[in-house]
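Below, each chain spelled out in residue letters.
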Amino acid sequence: MSATRRVAREAVLWTGGALGALCLLSLLAGWLLNVTPLVFASGSMAPAYDAGALGIAREVPAEEITVGEVVSVLDARGDRVTHRVVEVGATADGGTLLRLKGDANDTTDPQAYVVTSADRVVAGVPLAGYVLNLAASPYGLAVGALLAAGAIHLGFSPRRGGGRRATRGRARLVLPAGVGTAVLLGGAVGLGGQAPWAFTSAYWTDSASATVTATTPAPVTHQQPTCTSNEGSGQNKQQAVLTWPGLGAEYEYYWELWKGTSPGGSLYSSGTLNPVNPPTNVSLTFGIVSGGGGNDAYYAKVWTRLVSNHANVGSPTTTLLHSGPRPNGPNWWMYCGTS
Amino acid sequence: MARHEPRHRTERRWFGRGRTRALLSAGLLVGAGAVATSAYFTDQVKVTGTTISSGTLHIDLESNYRVRPETITNWGDLNLTGLTPGTSKAGLMTVSNNSRGQLPMSFRVQASATNALGAALTLTVRRGGSISSGTCTGGTLIGSAGAALNGFNQSAGAPVGTGSSDVLCIQVTLPGSASPAPSSTSNVTFTFPAKQEA
Numbered sequence: 001m002s003a004t005r006r007v008a009r010e011a012v013l014w015t016g017g018a019l020g021a022l023c024l025l026s027l028l029a030g031w032l033l034n035v036t037p038l039v040f041a042s043g044s045m046a047p048a049y050d051a052g053a054l055g056i057a058r059e060v061p062a063e064e065i066t067v068g069e070v071v072s073v074l075d076a077r078g079d080r081v082t083h084r085v086v087e088v089g090a091t092a093d094g095g096t097l098l099r100l101k102g103d104a105n106d107t108t109d110p111q112a113y114v115v116t117s118a119d120r121v122v123a124g125v126p127l128a129g130y131v132l133n134l135a136a137s138p139y140g141l142a143v144g145a146l147l148a149a150g151a152i153h154l155g156f157s158p159r160r161g162g163g164r165r166a167t168r169g170r171a172r173l174v175l176p177a178g179v180g181t182a183v184l185l186g187g188a189v190g191l192g193g194q195a196p197w198a199f200t201s202a203y204w205t206d207s208a209s210a211t212v213t214a215t216t217p218a219p220v221t222h223q224q225p226t227c228t229s230n231e232g233s234g235q236n237k238q239q240a241v242l243t244w245p246g247l248g249a250e251y252e253y254y255w256e257l258w259k260g261t262s263p264g265g266s267l268y269s270s271g272t273l274n275p276v277n278p279p280t281n282v283s284l285t286f287g288i289v290s291g292g293g294g295n296d297a298y299y300a301k302v303w304t305r306l307v308s309n310h311a312n313v314g315s316p317t318t319t320l321l322h323s324g325p326r327p328n329g330p331n332w333w334m335y336c337g338t339s
Numbered sequence: 340m341a342r343h344e345p346r347h348r349t350e351r352r353w354f355g356r357g358r359t360r361a362l363l364s365a366g367l368l369v370g371a372g373a374v375a376t377s378a379y380f381t382d383q384v385k386v387t388g389t390t391i392s393s394g395t396l397h398i399d400l401e402s403n404y405r406v407r408p409e410t411i412t413n414w415g416d417l418n419l420t421g422l423t424p425g426t427s428k429a430g431l432m433t434v435s436n437n438s439r440g441q442l443p444m445s446f447r448v449q450a451s452a453t454n455a456l457g458a459a460l461t462l463t464v465r466r467g468g469s470i471s472s473g474t475c476t477g478g479t480l481i482g483s484a485g486a487a488l489n490g491f492n493q494s495a496g497a498p499v500g501t502g503s504s505d506v507l508c509i510q511v512t513l514p515g516s517a518s519p520a521p522s523s524t525s526n527v528t529f530t531f532p533a534k535q536e537a
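The listed protein sequences correspond, in order, to chains A and B.
Numbering-wise (our numbering), the first sequence opens with residue 1 and increments by one.
Numbering-wise (our numbering), the second sequence opens with residue 340 and increments by one.
Don't read these hints as lab results, they were simulated from the structure.
The C-beta atom is built at its ideal place from N, Cα and C for all residues, glycine as well.
The calculated label-pair distances, taken between Cβ atoms and stated as ranges, are:
(1) Asp-416(B) - Ser-270(A): 45 to 51 Å
(2) Thr-426(B) - Thr-66(A): 48 to 54 Å
(3) Thr-359(B) - Pro-61(A): 37 to 43 Å
(4) Glu-256(A) - Leu-431(B): 46 to 52 Å
A few chain A residues that don't get close to chain B, going by computed Cβ distances all over 10 Å:
(5) Pro-47
(6) Thr-226
(7) Gly-271
(8) Thr-285
(9) Pro-316
Isolated chain A, as found in the complex (with noise of 0.2 Å):
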């Protein structure tokens, strides 16, 4: 055997043997110290832990965590989280609600996460995350894999040129079942949800807001009202009609009709009409009122309101009208203005 090959040998087995001996350690530290490596997928936690650093996280009970310790967690969608810890509350049902917030985001994470365990963070090395990330690609899985498979062939395979041929047939079936059944042994542990290796998404967050300020027209009141007298068909159809254009929804009016002269007399009736848009016009109509016969002086007082407090606007506008006889006939009817 040359030179070059026996140190090319013995390179590939304690490669090999180191991190195989790793792989089975970090194995057994998460079975039996529940400690995870974790590696910080993104800057959020810097500069406390960077981008791809790796942390050694071990798991706690919920009870455990107080405020300023940095855990991993997982989200609503299973994605793992680690941020520090910035809120510890309670549920209802008596669970802990953990609110964490990433060293360099400016805000928390949006979720709160309900645990009853988490991982705590107690040790952090820079960079030593891309080195496992990139082992547990495909990339990596599939070298470590050969790796594997060739120290094991020259750990056992007998030397070249004879010797221990009586081992050979065994060997023969020993290995690839050795092998195979390492590999089972893997899978059955990864399907088991044992393997204690996990990356942490440890994400940003950002916010940007905008703000505006919305306001409402000033105060406005209704315009002075224009009387119509119309002359309608029947019996007591002569009215006097007060229109107006409407303000909008926000304003109702309130009326009263007073017999007499303004600003005197008695209340004859009142109302409130109901919000009208623009551009239509409010109309209010008069028509005789009861027992009103004969020539008498009537005046109306229309105040603009608001519709959410009925709170008056202004001052009232006042309309003069007077009843008198109907030009052909024995009743009396409203009309505009003075007599």
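We have chain A; now place chain B onto it with these hints.
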């Protein structure tokens, strides 16, 4: 056998024949098997395929660039002064992912408004929509149309890639049934919390 004894003796100086190391190497196979299965057959913990990105997430509005966090006061594209019942006002907001590094982001649209006027306002947000006579049309509706503005909190949908931006058409309506007092004011805030997506 005897012929080969000296060769074995010389190899022993190199830390034995390597059987122990070969056995330990089998640990790599166990590990590889464990990682591979939990990565491809268990969805409980996502193990492999993670991209480590050393960038910084930036959600930016309008002309701002990589400001963390940023606030636009008196956003000029949406004019909500002099609102009368039954009117709608709309504005376009550009939301950009200006992250350093490859960091796709998802974001939410949140809105709040103060006072009685704010409680009466409704909101319609259309991602990729455009303004047509004071209302938003086209694009993808976020949440429901005409939802209460105060307390609005909806996911904006598909993530935005790094360097990409999205236009949100934001329509604020004071319903005709509302009767806010004149000279009312309300501070309306639109917040866009962003989260890094894998």
